[in-house]
Amino acid sequence: MSRYNLKAAIISAGVVVALTGLLMGVRLGQSGGGLIITGAGPDVYWKIAAAALFMFLFNLFRNQLNALWRALPGMPKSPAGLTAVTEKPVMRRLFWCFLIAAALIWPFYADRGGTDLATLVLIYIMLGLGLNIVVGLAGLLDLGYVGFYAVGAYTYALLAMYFDIGFWPGLFAAGAMAALFGFLLGFPVLRLRGDYLAIVTLGFGEIIRILLNNMTWLTNGPNGIGGIPKPTLFGLEFSRRAGDGMQTFHEFFGIEYSSVHRVMFVYFLALVLVLITLYVINRLLRMPVGRAWEALREDEIACRSLGINPTAIKLNAFTIGATFAGFAGCFFASRQGFISPESFTFIESAIILSIVVLGGMGSQVGVILAAIIMTLLPEVARQFEEYRMLLFGLLMVLMMIWRPQGLLPMKRPHMELRT
Amino acid sequence: MKKPYSKALSRIIAVAAMAGASGFAMAADNIKIALAGPVTGPVAQYGDMQFVGAKMAIERINAAGGVNGSQLEGVIFDDACDPKQAVAVANRIVNDDIQFVVGHLCSSSTQPASDIYEDEGILMITAASTSPEITERGYELIFRTIGLDSLQGPTAGEYIAEQVKPKKVAVVHDKQQYGEGIATAVRDVLRENDIEVALFEGITAGDKDFSALISRLRQADVDFVYYGGYHPELGLILRQAREQGLKAKFMGPEGVGNTDISAIAGEASEGMLVTLPKAFDEDPKNADLVQAFKDKNEDPSGAFVFPAYAAVQVIADGIKLAGSTDPFDVAEALRSNSFETPTGTLSFDEKGDLKDFNFVVYEWHADSSKTALSE
Amino acid sequence: MPDSLYYFIQQLLNGLTVGSTYALIAIGYTMVYGIIGMINFAHGEVYMIGSYIAFISIAALAMFGIDFLPLMIIGTFLISMIVTSAYGYSIERVAYRPLRGGNRLIPLISAIGMSIFLQNVVRLAQGSRDIAMPNLIPGGINIGPQEGFSATLSYMQMIIFAVTLISMTLLTLFITRSRMGRACRACAEDLKMTNLLGINTNGIIALNFIIGAALAAVAGVLLGMYYGVVNPHIGFMAGLKAFTAAVLGGIGSIPGAVLGGLLLGVTEAMTAGYFSSEYKDVVAFSLLILVLLFRPSGILGRPEVEKV
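Chains as they are written, first to last, in our numbering: chain A, 352 to 770; chain B, 56 to 430; chain C, 158 to 465.
Next comes chain A alone, as it looks inside the complex:
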């Protein structure tokens, strides 16, 4: 092998020019009915030239750079503190307590916008945890998870619109309806494998959204459903004026009305729901069904040999995952007060899936961390307005290259034989 990769260097510089030269160096425009092109300006040309030169030099001296890189001390594989947390049970418990405590005091320190954003994060955590059962634990690639989210949201919204159902019964109805959908859809498709399952679930997700959009007589179509009631606390409303036969929170406790109360209440409610979700999933994981999910993901044939019914187990995972999406959907509907089919597009599924994968499949702390990052990133990057989505996409790619196992990969309890 030669010292300098001249050929590779020339090729890569050429590729850079091919990639950017026409697409970025030239701007398409419209004049009258015709098409015109204009140069993008010297600064863009300089950037293209600089990028090509960089790739040229980088590839030319790649061997040397590699040697240099190896000479550097190795980087720690993952943040040491976090690994310790996930390993020692005591530390683990402490970490959870700390996390919950931080979540509890957050709204008292953050402003209204911050609390509202945290609520959104919690909704995504709930969705992430639900999908985590299907994808992370049972290993079924579901690209249409947003369909169940939509079913949950619409169940509550429709019940509220037609039958004046309140938030709490609505929550259960939404969960039950989503579970029913999960069961009915899961039944035929779960015998498909891998990527076939992925595309079929994607199809189902799209079908649900299009049906919601088309059935104007029932769902109001693209106009969406507005005026969805907010959650109440034991029958107490969080509004300036109480509805008929209702009492408001501030009147009951004799405190000044402040709209922040409602934002905080919605936040706490979301927190409680997330904690319940976490608890339930943790219990399930230790039950035979949870063990069976993971076993199935690892080796389906071995499972069948051991007398586990794969279809039943998969259906379980699918249904339970859908239930949590239903809860999250109901919650989303009441936070928004208005829903329309455009909130439930495929890109939403992709984001939820990214949360699961980014966090480290199967890992619950990872899902929480990833949900925070994925929701906050667009908000934080708002200063870069224009470049927001660009950075989002780039980060997803880089993340997968550098830490494909996710931020906090799952460590499952295991025993080893020692001699």
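If you're looking for bench data, these hints aren't it; they were derived computationally from the structure.
Certain hints may be false.
Claimed, not checked - Simulated crosslink set (DMTMM-like; lysine to aspartate or glutamate; CA at most 20 Å straight-line):
{"no.": "1", "chain 1": "B", "residue 1": "LYS302", "chain 2": "C", "residue 2": "GLU304"}
{"no.": "2", "chain 1": "B", "residue 1": "LYS87", "chain 2": "A", "residue 2": "ASP462"}
{"no.": "3", "chain 1": "B", "residue 1": "LYS87", "chain 2": "B", "residue 2": "ASP174"}
Assemble the complex: chain A is given as a structure, and chains B and C must be docked to it using the hints.
Below, chains B and C without anything else, positioned relative to chain A:
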């Protein structure tokens, strides 16, 4: 020796941030107006129209001495036309103690956000959302400076029934709030006038191939097609209709009245009918303002530029009349007075809609010029 | 009932036109999947970029005075294919090669990220507005009676059929007859073994990405000229449909991708023609689900062999 350097750097950044913060505090007695709409996303170009108009109004009002001695300050919020982000934006506006909002753009964003504004005592004027439902909920603080879908539909429908008198009509829409709303209104008016609506159907926004639909229109032998939606789809429908030899007249709402439609459809856009608000930038009264836009290299012809300008001006005048910046007082002032704006003399009804906002039927030409057919 | 017969022919032609382009894009999915078992989600964006490059090169060629139509179109195809090949190659190097051999979800996520990234690169470089160009090849022929309903077939549609047919033939010849094609098939059969036998599998995988991207460029140029409109968002839906077509026909099989594409296109046109445009996508996806329920590996796909 990397660390000390980066520490020093972070200190500089912190100092700069604090300096920025104090500069912010000094400007605190400005009257802030939140300009909410899409800066990013697929409809960012419409958001732009709104921002251009609103910013110009703020600039000119400030140059003329501001409002009751204070200056106006516009703060842009990006909702990307995503309902979820619109709620987040609304909460941040509440958070930043801003009391006036010009926005949002998409009806599906405006609707959930307006719930919050009404609740929190913030005055909102939308210059672009045309869904009737927004003002139908009896809200006190929600206004708009643009006409409603339910107004535009009947204008178009009556024009078709009285002037065009087609034999067989097809009404097509893009299955979105705006398009379907107008299309339904048009269909209802046509049916009342005993005109046969042979086909009422939705397409998928963002689609590129409408050949199947056009074949169907040809088979149904319609001689007039009303399309509720935006210009990218209608442009393609016109183009493909000409290609297949469908001989029918087309008509669309303001969402299709965009110079881009002639670029897409070419010759096929000749003779299309469009309902538009009066072209404010062609009003000789506004020549001075149009020149001001052109001096800044901005395009004054966008549909929402002038309504957004009017929205800001109405807020400013409302504050002057009310003598306070309390949104409830200003809302009261808006309802009980009328305002001279570049979009005409505006007065608001109980719901917060304009009392009379007229749409005019234009005939579109292939060079994207237009001639008015009705007054 | 000649009217309804011609109507049927018209809808069939409409469907086959759309279907041909689905097929061209679907081949990119199927080739990559066949060889490394990964879904290249960014493939739709490559099609979108191909369309943009087509617009740019048509404008550029016209500017340099090359307005002889066949020359212009051939030049456009070449430029567009070269550029998208560079994209195909880079996507493989950046988003796939470092991730090969791990969990199969990982490259899927990185490809979704890549897709968002590319879409926004184009948006920032070219703006998010629709860019349109006039119809370069107007006109067509009528099939059927002078009065009443007659089916029309435009010259552009004929070109789409012809180019699709030529590309398919060339690709099939390449895969079945050439040395490199044989290497491709060997890689699809058993990647590790092929590598052990001294074939540069990295090169072959990159080649698959490049061929897929070049075919997406063909689709991009054809559809760019046919519809005359391009914007940064067209890649997503086209990619989704093509992916559906690839799975419908049996992912990994090239004839399957063609069949799936045509079937999907015709189904959509027939639904829109005889039922309602609103339910076009619902019917398309339902067809996919139904086919997979009865043939879990697609129409022409080989059933997966379970290995212990």
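Structure-based check of each hint:
1. B/LYS302 <-> C/GLU304: Measuring from Cα to Cα gives roughly 14 Å; hence the hint holds.
2. B/LYS87 <-> A/ASP462: holds (19 Å)
3. B/LYS87 <-> B/ASP174: With Cα atoms ~19 Å apart, B/LYS87 and B/ASP174 stay inside 20 Å; holds.
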